[in-house]
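Enquirer: Chain by chain, the residues run as shown.
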Amino acid sequence: MNQWEVVIGIETHAQLATVSKIFSGASTAFGAAPNTQACAVDLALPGVLPVLNKQAVECAIRFGLAIGAEVAKKSVFARKNYFYPDLPKGYQISQMDLPVVVGGAITLQVGLGEKAYEKVVRLTRAHLEEDAGKSLHEDFHGKSGIDLNRAGTPLLEIVSEPDMRSSDEAVAYAKSLHALVRWIGICDGNMQEGSFRCDANVSVRPKGQAELGTRREIKNLNSFRFLKEAIDFEVQWQINEIEEGRRIQQATVLFDPDTGETRMMRSKEDAHDYRYFPDPDLLPLIISSDWIARVQGELPELPGQMRERFVNELGLSTYDATTLTASQEMADYFESTVAIAGKANAKPCANWVMVDLAARLNKEGRELTESPVSAAQLAGLVQRIADNTISNNIAKKVFEALWNGDGDNADEIIEKQGLKQITDSGAIESLVDEVLAANAANVAEFKAGKEKAFNALVGQVMKAAKGKANPQQVNDLLRAKLSG
Amino acid sequence: MINASLKQLSQALAAKKISSFELTQLFLDRISRLNPALNAFVTVDAEKSLNSARAADARIAAGTAGLLTGIPIAQKDIFCAEGWRTTCGSKMLANFVSPYDATVIRKMESEAGLVSLGKTNMDEFAMGSSNETSFFGPVRNPWDQARVPGGSSGGSAAAVAARLAPAATGTDTGGSIRQPAALCNLTGLKPTYGVVSRYGMIAFASSLDQGGPMAASAEDCALLLNTMAGFDERDSTSLDRPVEDYARDLEKPLSGLRIGLPKEFFGEGCNAEVMAAVRSAIAEYEELGATTVEVSLPNSHLSVPAYYVIAPAEASSNLSRFDGVRYGYRAPDYGSLDDMYMKSRAQGFGEEVKRRIMIGAYVLSHGYYDAYYLQAQRIRRLIANDFVEAFKQCDVIMGPTSPTTAFKLGEKAADPVQMYLSDIYTIAVNLAGLPGMSVPCGFVGGLPVGLQLIGNYFAEAQLLNVAHRYQQATDWHQRRPTGIE
Chain A
104 MNQWEVVIGI ETHAQLATVS KIFSGASTAF GAAPNTQACA VDLALPGVLP
154 VLNKQAVECA IRFGLAIGAE VAKKSVFARK NYFYPDLPKG YQISQMDLPV
204 VVGGAITLQV GLGEKAYEKV VRLTRAHLEE DAGKSLHEDF HGKSGIDLNR
254 AGTPLLEIVS EPDMRSSDEA VAYAKSLHAL VRWIGICDGN MQEGSFRCDA
304 NVSVRPKGQA ELGTRREIKN LNSFRFLKEA IDFEVQWQIN EIEEGRRIQQ
354 ATVLFDPDTG ETRMMRSKED AHDYRYFPDP DLLPLIISSD WIARVQGELP
404 ELPGQMRERF VNELGLSTYD ATTLTASQEM ADYFESTVAI AGKANAKPCA
454 NWVMVDLAAR LNKEGRELTE SPVSAAQLAG LVQRIADNTI SNNIAKKVFE
504 ALWNGDGDNA DEIIEKQGLK QITDSGAIES LVDEVLAANA ANVAEFKAGK
554 EKAFNALVGQ VMKAAKGKAN PQQVNDLLRA KLSG
Chain B
30 MINASLKQLS QALAAKKISS FELTQLFLDR ISRLNPALNA FVTVDAEKSL
80 NSARAADARI AAGTAGLLTG IPIAQKDIFC AEGWRTTCGS KMLANFVSPY
130 DATVIRKMES EAGLVSLGKT NMDEFAMGSS NETSFFGPVR NPWDQARVPG
180 GSSGGSAAAV AARLAPAATG TDTGGSIRQP AALCNLTGLK PTYGVVSRYG
230 MIAFASSLDQ GGPMAASAED CALLLNTMAG FDERDSTSLD RPVEDYARDL
280 EKPLSGLRIG LPKEFFGEGC NAEVMAAVRS AIAEYEELGA TTVEVSLPNS
330 HLSVPAYYVI APAEASSNLS RFDGVRYGYR APDYGSLDDM YMKSRAQGFG
380 EEVKRRIMIG AYVLSHGYYD AYYLQAQRIR RLIANDFVEA FKQCDVIMGP
430 TSPTTAFKLG EKAADPVQMY LSDIYTIAVN LAGLPGMSVP CGFVGGLPVG
480 LQLIGNYFAE AQLLNVAHRY QQATDWHQRR PTGIE
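Chains as they are written, first to last, in my numbering: chain A, 104 to 587; chain B, 30 to 514.
Worth flagging that the hints you see were computed from the coordinates, not collected in a lab. Owing to the predicted nature of the structure, the values given are computational and were not obtained by experimental measurement. There is no bait here: all hints are sound.
Below, a list of computed lysine to any residue pairs in the SDA-like style, where the Cα atoms sit at most 25 Å apart:
#, chain 1, residue 1, chain 2, residue 2
1, A, Lys246, B, Met371
2, A, Lys371, B, Tyr397
3, A, Lys246, B, Gly353
4, A, Lys246, B, Tyr356
5, A, Lys237, B, Pro128
6, A, Lys183, B, Ala405
7, A, Lys183, B, Ser394
8, A, Lys183, B, Met371
9, A, Lys177, B, Ala413
10, A, Lys371, B, Met387
11, B, Lys383, A, Asp376
12, A, Lys176, B, Arg263
13, A, Lys183, B, Tyr397
14, B, Lys136, B, Leu96
15, A, Lys177, B, Asp399
16, A, Lys237, B, Met369
17, A, Lys183, B, Gln406
18, A, Lys177, B, Ile408
19, A, Lys157, A, Ala235
20, B, Lys421, B, Arg410
21, A, Lys237, B, Tyr356
22, A, Lys183, B, Ser365
23, B, Lys383, A, Phe186
24, A, Lys237, B, Tyr363
25, A, Lys237, B, Met371
26, A, Lys183, B, Ala390
27, A, Lys371, B, Tyr398
28, A, Lys183, B, Asp367
29, B, Lys372, A, Asp250
30, B, Lys372, A, Asp373
31, B, Lys372, A, Gly248
32, A, Lys237, B, Ser365
33, B, Lys372, A, Phe243
34, A, Lys177, B, Arg410
The following label-pair restraints were derived from C-beta to C-beta distances:
#, chain 1, residue 1, chain 2, residue 2, range
35, A, Lys237, B, Gly512, 57 to 63 Å
36, B, Ala400, A, Lys176, 25 to 31 Å
37, A, Lys176, B, Gly166, 48 to 54 Å
38, A, Lys176, B, Lys45, 58 to 64 Å
39, A, Gly245, B, Ala400, 41 to 47 Å
40, B, Tyr391, A, Met367, 25 to 31 Å
The C-beta atom is built at its ideal place from N, Cα and C for all residues, glycine as well.
With the rest of the complex left out, here is chain B:
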């Protein structure tokens, strides 16, 4: 059961081979045994989870269960969940219990009947690529516990990789689903901006943030996305489109598929062995009937600088609400109102968050706005246009997800720029608002490598199909780390 797919779990529950209560207990036991070393979860509430499992069992017994009712899931601690402590990886919210459900939580738990196992660790306010900025300490990569799981959805990635949960949610602002998926041998999908509601998902950079699934396979991701996606009138940037079945095209053959290979993704900057694994995956696709074509994303070298203007700008404003007035951390001793603000925020936020707030405040300030923020927005349009041009020649774009495999804890923590370059291949996708995936495609020195798939707007079903067919021909995604049985 530990390694079962969501479909298999669904069948087992429907056939009453196992109850949701038992299944939930099974994973809760693994969490209590393995989480102390991995630190993937920051909040577990067995009683709450088991109560949900009982409710799911009642639905199953009553015949009102959906496909995923009763299956346990890990929720990234960026999603507000009623009655659950929701920290966003920050001291600022270390004691914040949400009084309401994010739309994603409502859809997955109240509607689809998935059972929350708890809230997963993450980089503080999703700012980081290694999960080392969390107030609750770093998460360890199940493939090598001296290494990072990637970030910011590092807790979700480690939890699923170590089978502390069958699947998890993540959010992706510049690569935060895809990069940890790559570093932990998972399949992760960042949907088109606007497909998954952001209501109740604590904002980092509003124009870039997007929630999505992280799981062992493309098929699992498709089933999860079916429960997460959909128009939400509470999110003005949510897209009002017809409901889709993202699993509908999974089995479609790939013959005739045109794969675009951006020359900018295959030049310098990527570890050679990682690149070799990516190239062999592309060769596998050719075996499956796809053709390749070189494309160009000429402005992609500007994506990291543009991102590190736009994302901090939005973050500096989004994080202003954490002021110690109404909820969250307030400094114990202060004099004036300004002193209360300054001390609460100085003590409540970590270094990386403060760095980005300051960068953001700077680029928006009078006299610098045009040179930084407006310029970055222009670059953003150029980057989006590059993709529009590229998709005239191909159906899907491929390349590496991350330039390296998982790095050691502490290796890049002192060098923000090196850390920012971890997301060099993923960031452009967020700037353009496109869907992107990471799919396991091999190992280097025992560490997983991820292949990135980028689709056109609303091409989630196609991306999942392309990933699924590859996973039927390969077994990379079925490999499990050792030592966590």
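The following block holds chain A by itself, in its conformation from the complex:
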């Protein structure tokens, strides 16, 4: 394995969040009864013609601007010709030679914690196209049913350069892209409904070799887990093939989630000749500088810009800033928290959002938008830690109470449950004295040089204080008394 380098490029189909289809007025809503959202144009009745949906174009412009790409002033729709029952016209309207978005790049964070590193993945292009319908092979007694509701749904096909070198990088890329298209509001990102699906082009080559190996394309991966599993299997398969003296043949493969294996769908020899040519029913798509400028003006602050601001203005680490900008929801939540808790508390706010809140949500399988603890409540909690009203440990209790709805805010819970930290040194001193008197064995151990015994004594004092004593004061007092 170690002498092999993995090379991965990803093509992503992102369904654009438009009200109607890319070339007709029919609705794009998911889940309607079969063929109820297919008009004459979607059914490809004789004589019908496509008319381009401007909203879809605007989505493409937003994406192009968000990744620093060139938005083409002129792009051309082409017909990709092939026969399939769920492709009503016998061709798909797509873009070939002149796509609407050219170039661009995405910066991503790969891995966790100290092992995390930053990676830039370049994009080749992104183009507009229409989706096909669905073939339904069950419930038709040996026949197939066709549902054309999805036919004509607008897609942005986003093609990366072969810049990724592991399945982890591939997943990180897919997640970043997923977050970005949702961030800029062009795709709902619902992978179960097929709104965001990836094809991975995978090849391997001996380390140090400049020339790329022969690739195989894994089609239609609709979860990050499948993406990783499929690539890992495929890489191992390709290495085994080569090591056993066989050559990799260019092919399209499918991933079977049940077996965890990829299997060949068609070889290069079976590949269609799609006979692309410019669609004579559609004029070239001309995008004016004014249009681009208007869309630019309407773009929200992008994850990259926000990340930089978090580092520069809030003093967060790049890792924290990247994590917090992984989705619009998390960034919004964090920003709302900081807005109340104050910039000086940005670091603890970040920790609470990224660690405690994230873990709690994860445990319940909830989304951030469904959090029972609001940003304002969390900010109130952070403020009480900052002003020493409560310790970090007590804060966890308060957080749990907030989660369970035991009070409207941290102050109320602290008050009601009497969790306010004891900072009165007289009170703490008397607790320390009690503990020293009652734990002579520990005291002796400590004096014999066992540092552990000190921690046990701290624990006893905190226990006596029901956790509310200021830990630093307890430490200082104990140390003073023991050395005295």
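Using the hints, position chain B against chain A.
Expert: Just chain B now, kept in the frame of chain A:
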């Protein structure tokens, strides 16, 4: 009434000399009497037509009628019309009843109040110059029933020539309005590409197809075009221009008109007697005050080869939707999915359509695209530029519409290349997207000859004026075939 102009019919209806119902019945009677021999109509639905006529009569009575409300018309069977069988001359669509109206149908029938008499025969998917490729059998030329009416709008041409209808619609991809008009002694107009909506007009070659009127006179064509033309947001290639009255310039005198005569149209390749008729028509124009100037269209000899790359390429893709899956013909017995496709298309399409699909698939295929399709597109630009240059010297270009008069049924059917050369003078106009007309200008051996007029972009009103003034000075267009009274 049978030979009346649209204007005369309009006046008669307005004056209540005849009702639309009676007028429609009159033409329906002629259709049932004469159509069995001519085969000009493939679908007639008297009940539907008479219902429309009643509705038109109600509009006339209510005073909400337009100029052409209540006048019967024949519709080429390439236009989808709600509730009407729409076949495009093919077995593939022999049982297809359209659930929607083409924009042209909507404008002419729902808005202008014209009454459809039925759907006219045509070459299958408009591919042909003789109407012999129709699944519903050939149409016969009313001037000589042993001869073809031209194509692909042969049914429309024969219907109007035999006065089974006062006027008709046609479509023109390489000459399909002008050539049958010439062969049947009609006036036909192919507008500038984008003037008439293509929505609901079954596509043959999308970048070339254009609908237009076929009638007895330029005046009738102008009135019909007024109802057909206009921007349509359902057709992305439709041109968003102000509404025009195409009849506004009909009476303008022709003094000072500069007629360009392309030397390439007056060389070899044209029947001598046809050429003589064309030359005498041009002499008539000089009498009317026009001057002539020789112009050149140096790339016109490339128009047929370029056309037979571009049109089949687009057709091969346009006709992919006829796959037997959702509507249209499906083979009765098949095994796999591929077998279903192959058998349905092999059985549902005729020979000429299959030939063009194969040519089109070939020229678009990997490794041949640059040599054929891209090269043809370059030629197309050269041809368009030739016209731009020519129109710097003249206002209108004239020449023959067709190199011969109507040929015999079967005469060219076995030789596609000979058939393709029938459109040698008309094809360049489609490649350039220009408006063109054919106007009756004489007879050879009892068969009509057409004069072709080619205008600059959006010069429809001018072309109609040039044709109309000629028709006021001549009576060729008023001659009717015998034996069909």
